[in-house]
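**Student:** Read off the chains here:
Protein chains: 4
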Amino acid sequence: MFNIRTDLAIEAKEIYENKSKNTIPGVEVYKYKENDVKVTEVKIVNCDGEEAMKKPKGTYLTLDIPEFTPYDLNTMDEVSEVLGKTISSVINLDKSMTALIVGLGNWNVTPDALGPKVVSKVMVTRHLKELVPDQIDENIRPVGAVSPGVLGITGIETGEIIKGIVEKVKPNLVICVDALSSRKTDRVNKTIQIGTSGISPGSGIGNKRMELSEKTLGIPVIAVGVPTVVDAATLANDTIDMVIDDMIDKSQKGGKFYTMLKSLDDEDKLKMIQEVIDPRLGNIIVTPKEVDMVIDSISKVIANGINLALQPALKLNEIERYLN
Amino acid sequence: MFNIRTDLAIEAKEIYENKSKNTIPGVEVYKYKENDVKVTEVKIVNCDGEEAMKKPKGTYLTLDIPEFTPYDLNTMDEVSEVLGKTISSVINLDKSMTALIVGLGNWNVTPDALGPKVVSKVMVTRHLKELVPDQIDENIRPVGAVSPGVLGITGIETGEIIKGIVEKVKPNLVICVDALSSRKTDRVNKTIQIGTSGISPGSGIGNKRMELSEKTLGIPVIAVGVPTVVDAATLANDTIDMVIDDMIDKSQKGGKFYTMLKSLDDEDKLKMIQEVIDPRLGNIIVTPKEVDMVIDSISKVIANGINLALQPALKLNEIERYLN
Amino acid sequence: MFNIRTDLAIEAKEIYENKSKNTIPGVEVYKYKENDVKVTEVKIVNCDGEEAMKKPKGTYLTLDIPEFTPYDLNTMDEVSEVLGKTISSVINLDKSMTALIVGLGNWNVTPDALGPKVVSKVMVTRHLKELVPDQIDENIRPVGAVSPGVLGITGIETGEIIKGIVEKVKPNLVICVDALSSRKTDRVNKTIQIGTSGISPGSGIGNKRMELSEKTLGIPVIAVGVPTVVDAATLANDTIDMVIDDMIDKSQKGGKFYTMLKSLDDEDKLKMIQEVIDPRLGNIIVTPKEVDMVIDSISKVIANGINLALQPALKLNEIERYLN
Amino acid sequence: MFNIRTDLAIEAKEIYENKSKNTIPGVEVYKYKENDVKVTEVKIVNCDGEEAMKKPKGTYLTLDIPEFTPYDLNTMDEVSEVLGKTISSVINLDKSMTALIVGLGNWNVTPDALGPKVVSKVMVTRHLKELVPDQIDENIRPVGAVSPGVLGITGIETGEIIKGIVEKVKPNLVICVDALSSRKTDRVNKTIQIGTSGISPGSGIGNKRMELSEKTLGIPVIAVGVPTVVDAATLANDTIDMVIDDMIDKSQKGGKFYTMLKSLDDEDKLKMIQEVIDPRLGNIIVTPKEVDMVIDSISKVIANGINLALQPALKLNEIERYLN
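Protein chains in written order, with our numbering: chain B, 513 to 836; chain V, 513 to 836; chain R, 513 to 836; chain C, 513 to 836.
Worth flagging that the hints you see were computed from the coordinates, not collected in a lab.
Since no wrong hints were added, every one of them can be taken at face value.
Since the list gives no way to pick out one identical chain from another, each pair is judged satisfied if it fits inside one copy or across any two copies.
Straight-line Cα separation of at most 30 Å, BS3-like style, residue types lysine-lysine; simulated pairs:
| id | residue 1 | residue 2 |
| --- | --- | --- |
| 1 | LYS550 | LYS783 |
| 2 | LYS569 | LYS682 |
| 3 | LYS641 | LYS801 |
| 4 | LYS827 | LYS812 |
| 5 | LYS783 | LYS768 |
| 6 | LYS801 | LYS675 |
| 7 | LYS762 | LYS774 |
| 8 | LYS774 | LYS566 |
| 9 | LYS597 | LYS727 |
| 10 | LYS827 | LYS682 |
| 11 | LYS682 | LYS555 |
Build out the structure end to end from the sequences listed, making use of the hints.
**Tutor:** As structure tokens, then:
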């Protein structure tokens, strides 16, 4: 049937919990608040957890961030601070170690351009440490940053490009930034997920791709993602589920109609979705109308969170001196 | 309830026909084919038609265009030729008369930027006819073109700006180009509507705005529109309707459940939609992922259709000499 | 000969003073400093001044601003404050009066896009005062903003478009923003000129255009400009003059060579310039390599200066709440 | 002194010939015409040639192309055909061999964005040959394409990034595309140079960088470049030289002034240049005002020339089917 999936561990958890009343085996969940940001930590600790969540072992931190406009600089800075702290909690770097930031996604497709936009706003210092070491504070960490493009643009697996660069640059850590998809419209551009188990570029599209992870690159890989779209088929599917659930509530338990509703299967639902969304249309997404502006400001928030995590010796206003 | 509406006469007709088995009073429909383009002509001829269709009297021509990629120049040119012919059929201009092309919409919001993009690609000649008349073929019509922006950007009603410019420039015809919304995902970027009864900029958003029409401007106003989005609430609404219809088909006529389904009203449906789409989110739209590229190529098709209609003395390859 | 000209009153003054040792008749000059910004006020008070300066009567204030990078927010805010104060000193508005901001220039040509970029960053309130008066502080002035484009894009004189809009909107003040050209590379993007005598869009290009001024629009017109380029022919001309002056200094007064140098006329110099710059090339300009980024940040400074001048009830951080 | 240099072999040859009346040792020159394109082939055949030309051994082909506007598709196609033929003459590939196209330069700086713009317009097929080999004509060559960015953006030497990617992708040929600088304004955007001896990214800026060449990458490297700017200091320097030469012609041979002019050295000239161009300003360039539009259309010409050279089985209109 239509590819109904989620990139978010917090949604995988909700899907599991909707189906089963038990707690998820092999998964630990913690919740806390940092200023106006709600943090949910989902730890997949063993194979049971991997299977239940359909995600690899590791820590997944989700930030529920407050609304902000592109000019609400105080809120943006506050979210960057919380994000910086959260990323710091899952990395372990000496100050001399090098980090490489990788902006995944297609810069020609606005809701997929988050990664490249973040890369354009991070503090890049590796060349300064090499070329003009005397002019650079010794506490500043060497950081490089690349946006490798996507397979359809380069003809090359993103994993190959990054592996080639990592072998030359030899960083101690990779931070990948990518646009994700969510199941719920109210999470779009309102959630940041930080994960320790890497990422598979373009994994949602169906092809098996080389993942970027500690296993493939030999160094820790942190993934930072924001859901920027909901798949239109997901929206239709969820709408249908909701209507059916509503009908079930209203029909007599054990009655004929109740039984019919209960027996509707994926095949039936697929036919309904196809009546609403022409499957030949390809990638139909649900997104805020002003997505161009939203991606601009959220990418600034992410970039500054990463800057703070990688440069603990600097404050946000000092970081701005190094940007251009 | 959510604003479920359509900009397309062809959809208004379908909605009417779904509710009633009768032909629509005061409305004439003709269908024909030009090359690979299906043309549907909907004529609203009197007040009955206006009321049934919720649109002003006039002729609405809808082109169903074949799929094309940005490099499929032959198909693009062919659609431009059909569009040019269709626009010509509803305008009536001497060769010396001046036309003003108005690109409505917000250039910062990709799916709303169709109008300004078309304006950037049309053949503008009015200044050449005035400043260097000897260098310009006498058969070339004077054409001006403006993109007035939207109320939120300028602080001024678009109708006021255009009325002010029309009073100075004194054209004999206005052609407005605007992005529309459709009820169906398979019409998005696949349909062009040409109408003779003008347009109300931003009319869908709920405010009463000054319309651009022969009544307000004193000269004929042709509206050219392409649906570039489906409202997410519309998609959810249509999905719910479809599920309910499906249930009704499957339940026993006159039975308890049948009666319950039949009695579901807009209030109930609104509650369901709100469960899927957070109404605080504002404008959530459904659009192809590659909307940036699609708008680029469809705006070229529209621009050349307008160029051909306004410059009957020129062929498409001659028109390209005047563009830059 | 090549069109060697200046948009800056301060340069017109220098040119006059270089030719003549006398003070300029009909012109008053005052200099002072605001924080790190040097302000020069040139007042052309009568016809003698107009002829000497080749500029209309009025006040021309020039700000020499310190260097800043796009992330040096403190310096940018400081310059905005001085600019706001300077604009305030030449306007005279009640708080209820309406202002219209006009961004002149071609948005497709980076160094000419200053005006439209400023318009995209100003605080637009006129529609809010009309549509949702209860939600808007009564101290907030109604402001509209338009970027009319250039003659080659619209086919319509910019003056006509603005006059048409002014007649509909009936503002009490127009502020025009435009990119200028300078004679000196060290003034490029380092100087802001505020003038009270209006502006002629595209005046440099040689055609007689309808000026935007109190005379043509019937309300005060303030012009804010920044030199963003030096004409390449101007650079070559100035280089030649400098070499010749240097030669004259080194040659024996009254000697044969001295006489020859003194007798070089514009014809001779034109031939030299044409050897360096092919006159068929059209507009060859001298500009910083990073002009795209420089225009972005200087337009933010100008927009905020205008915002402060028009909204005396608000501080800069309050203004940001109204922007998007 | 100011860095007065040229990227063009044809200019290196002219500089040599201006200083010396002899033919250049170790250099062979051929001239011919293809349609409206003048081709000059400069072959540096030995070390004498390398020293005289200050360029590595190899073949440098220069195309002098006719003027064209962005809509003059016939001329653009014609130049693409000549370029395709010229590139074909210096490469030697079986049809199954893989090519990698590298777009050098900074996409944020318009006149430096030529390489990335070309990459966005080339036919990329390597992934199709791997993922859907049955859907792809067997005569189509696998081609990949990357834009690595510049040192200031990535913190990583461009040479390292490309070497890393080449080691993974193992292409048989690299084609690098870069924006160059010229000494003469009339060569800007009117000349294409094709060279067989590789390229040093950012070599003009003064730092020693890892070159991209057969020596460093182990496979043939073709460099395709277009001068898009003249350095402003070069323009000033050439203007000064020209004025001095003119003075020398006019002064009496052996006379006092003649001797003085002859004795002017680089130090003197540097002081003059600094009077015209403030050396603190950084990269001041001379460029056409419409550089944004010019780079767009010349990059299309280059991309199609490369497409034709790499896909000899296809015609230009067939190539367009593969682009998006």
